[in-house]
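> Following the hints, position chain B against chain A.
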Amino acid sequence: MSAFTTLELGKTPLSWPESYGGEQQPRMGFFTDTSVCIGCKACEVACKEWNEVPEDGLHFSGESFDNTGSLSANSWRHVAFIEQPTRVDGAEASGGDLRWLMSSDVCKHCTHAACLDVCPTGALFRTEFGTVVVQQDVCNGCGYCVPACPFGVIGRREVEDLPEVGGEDVLGLGTTHKCTLCYDRLKDGMEPACAQACPTESIQFGPLDELRERAQERVDLLHEQGVAEADLYGESPDDGVGGFGAFFLLLDKPEVYGLPPDPIVPTRRLPEIWGAAFLAGAALAGSVLAAVAGGSQ
Amino acid sequence: MSRGAGDLGAGGSDYQSYYGKPVIKEPVWEPVIPVYFFTGGTAGAVASLGLAARLSGNAALARTATYVDAVAIGVSPALLIADLGRPERFLNMLRMFKATSPMSVGTWIVTFSGLATGVATSLELFGRLPRAKLAAEVAAGALGPFLSTYTAALLADTSVPAWHEARRELPFVFAGSSAASAGAACALIAAPGPARPARRLAIAGAALELAAGSVMQRRLGFLAEPYKRGRGGALATAAKTLTTAGALTMGLRGRERTGAVAAAALLLAGSLAERLAIFRAGLDSARDPRYTVVPQRQRVDQRAATAA
Chain A
687 MSAFTTLELG
697 KTPLSWPESY
707 GGEQQPRMGF
717 FTDTSVCIGC
727 KACEVACKEW
737 NEVPEDGLHF
747 SGESFDNTGS
757 LSANSWRHVA
767 FIEQPTRVDG
777 AEASGGDLRW
787 LMSSDVCKHC
797 THAACLDVCP
807 TGALFRTEFG
817 TVVVQQDVCN
827 GCGYCVPACP
837 FGVIGRREVE
847 DLPEVGGEDV
857 LGLGTTHKCT
867 LCYDRLKDGM
877 EPACAQACPT
887 ESIQFGPLDE
897 LRERAQERVD
907 LLHEQGVAEA
917 DLYGESPDDG
927 VGGFGAFFLL
937 LDKPEVYGLP
947 PDPIVPTRRL
957 PEIWGAAFLA
967 GAALAGSVLA
977 AVAGGSQ
Chain B
311 MSRGAGDLGA
321 GGSDYQSYYG
331 KPVIKEPVWE
341 PVIPVYFFTG
351 GTAGAVASLG
361 LAARLSGNAA
371 LARTATYVDA
381 VAIGVSPALL
391 IADLGRPERF
401 LNMLRMFKAT
411 SPMSVGTWIV
421 TFSGLATGVA
431 TSLELFGRLP
441 RAKLAAEVAA
451 GALGPFLSTY
461 TAALLADTSV
471 PAWHEARREL
481 PFVFAGSSAA
491 SAGAACALIA
501 APGPARPARR
511 LAIAGAALEL
521 AAGSVMQRRL
531 GFLAEPYKRG
541 RGGALATAAK
551 TLTTAGALTM
561 GLRGRERTGA
571 VAAAALLLAG
581 SLAERLAIFR
591 AGLDSARDPR
601 YTVVPQRQRV
611 DQRAATAA
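Just so you know, the protein sequences line up as chains A and B, in that order.
Going by our numbering, the letters in the first sequence line up with residues 687 to 983, in that order.
Going by our numbering, the letters in the second sequence line up with residues 311 to 618, in that order.
Hints are computed from structural coordinates only; laboratory data are not their basis.
Don't take each hint at face value.
Covered stretches of chain B (chain A as the covering partner; in silico rule of three or more C-beta atoms under 8 angstroms from a C-beta of chain A) [to be verified]:
#1 345 to 359
#2 386 to 396
#3 403 to 410
#4 420 to 429
#5 455 to 461
#6 561 to 572
#7 606 to 618
Even for Gly, the Cβ is constructed at its ideal location relative to N, Cα and C.
Excised from the complex, chain B in its bound form:
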């Protein structure tokens, strides 16, 4: 038995634990999972951007978006399957649809998004069947926003304190980060003229990501510590810095080739760092019993005080 020291800021009171051992289990996922959050998130936002570009008559941007989407969603299943304990059984995911399991819901979103993007990309490459291509783009574009945000629900629906208690803000961080990376990837590839909406999306996404992240940290109180300390904190600082610099560069120099390349690189790196930071912070919050015990002990003591 160990007793923790007094001052936890908003976390308050001293706490007890069993030899400082974690109460909950740390996730067994490898860093390929947050990398997938990045690729899948980018794929989702870029599919929506491509569809909107198509409908607004910006064919050049729509084409770029389709190819970015194909790459981003193309690598995603490989990342997901590689992390399974029994990769050869990955199809067992498709035995059922379970609304209580964000991973089950997400598997179906990824599957249908991937199929739709595959069809759209093939028809784009071969220049065939424009109506079928549009239908596929509509499907991928409509699923896109939820492909970008379900992964936040997946993390929130665990007992990991830094994820579960961030359940209201985490999807907005993911949405913003996805918009930033999707806009950046398209601005990197498309010509400056047609890429203008992509640059706007990148900046708006970066703003949403930073704002939602700041609200999240404030509301988490002392549970925000894993986002500020250690490797999670370092990654979070890197994400904030890269994203801010990328958004500013995109706004000021995005119309120039070199400016767009620099801004896109910063934003993509920032978006990836954001997912790695959130992942890392979750692992750290699971490992330290303080984050599990203190808020629960406060609830118990408050109930006892109310009853008394």
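For reference, chain A alone in the conformation it holds in the complex:
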């Protein structure tokens, strides 16, 4: 896409997939089925290895087996661990029994991606696979994508978070980072590192249409087996971000896993936001005119 696309008068800029002409690919994504996650964190490790994501600090949370904490510039997969006094079928457990909920979180590769919308440099772009990727040589680290994301996925790589590496440029210091859905591997027809490493097929990779069908079958099966609380999260194109490219099967409410229950891309309100800014500007201009019209002396 050339610069100034949006300024070419009389032409509406194309969006994915039309923007890729003949090079477009089916939209690829993840279906993370948390009902079979065993919390091994192979996804976290494989992601770090393949993508050369630096260490995120060796912190001990003291809360659970989760010492990663959250997704960030330096953690592109994050396995959440939740202990509940609940049986697998959702009923209350007796005698101090607990169940584990484990879930490998990742960038959602939203249909309407806030990070991409607000990026002022065009560093964030949509690939031919419909995924959202940061171009490291373009990002200038303005940080706008960081609070724009409704999921707290993307982060800026700060030198103080990396005591071990001492400011090497190759690590993308000062720019923002997140899951690329292994764009380089996809281009070579391979699956992302996390999905390949997952031993239980909790992380499934494939064309999004297929994944949605497979996920529906899985949730139906779980319901038949009595797991009534199994629910899909982010599979619907009607949600506030137009559906996730990476969606989930959860066994409890999204917020229990640290996920927003009803995310809405902030740019959906842009007409309202720009409208208010314009009206306020007009009010300011009116105040100036009124102040001057009153005369001096």
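Just chain B, lined up with the frame of chain A:
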């Protein structure tokens, strides 16, 4: 997993979170960014005031406004560039124009405002080319109001609850605060006679800022808490107090030199405190998962209730 306690006022119901960790990421911006909101906002409003003064024949006020504008917009790019993770790549901002990115739109507004103000200031200093100077003043004056308010759109276009949910009122707070600081800066420098419109603008701006802020807090409901508690709350109280005192002093004693200086100092401090308060409240609302989860959970439950 943690469960929050019951009473949230209008926020209602108890909520769940993942060990109390934030759902969204806190902005990585440093306090130089709200300081820029202050300098850029002042620059925008003062450019408009200068143009209006020029067109009404108040050359003394127009000259003062030009110099204030030059200082305010002059320091702004330095503040913005200093906050980038990769400052040497700041020109990447000019690769494109994106209406979905208030930062992109704003970068172009700042760039053109800065160029126009630079030209106007140079020609004012050297007393040359009055028509070109007027053209530059018109450009800066026309862009000015949006230089003052786009920064509110920039904050509103995020997932930060205390900013996004204030999207209708925040630009009016910024407009008022900018008018107050611009009027105050000119009243501080210009002679009392020509500065009369500046004093009026300062008072009107302060009134708009306080009124819009009060509407914003009412409409935010429990999301207004970060504007009332902690450091955000302290800064907001300081802003309200300083602005009110400044506006009153400007109205009662603004024609006298000492009165104008005191009023201007109060109003400028109030305007800066307002931006710092809004910034701080946003950070606090991002850090606490309650502000993200509770309104979203209410939406989900309401939809479920409607469907049932």
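> If a hint holds in the structure, say so; if it doesn't, say that too.
Evaluated hints:
{"no.": "1", "hint": "345 to 359", "result": "holds (count 4)"}
{"no.": "2", "hint": "386 to 396", "result": "holds (count 4)"}
{"no.": "3", "hint": "403 to 410", "result": "holds (count 7)"}
{"no.": "4", "hint": "420 to 429", "result": "violated (count 0)"}
{"no.": "5", "hint": "455 to 461", "result": "holds (count 5)"}
{"no.": "6", "hint": "561 to 572", "result": "violated (count 0)"}
{"no.": "7", "hint": "606 to 618", "result": "holds (count 4)"}
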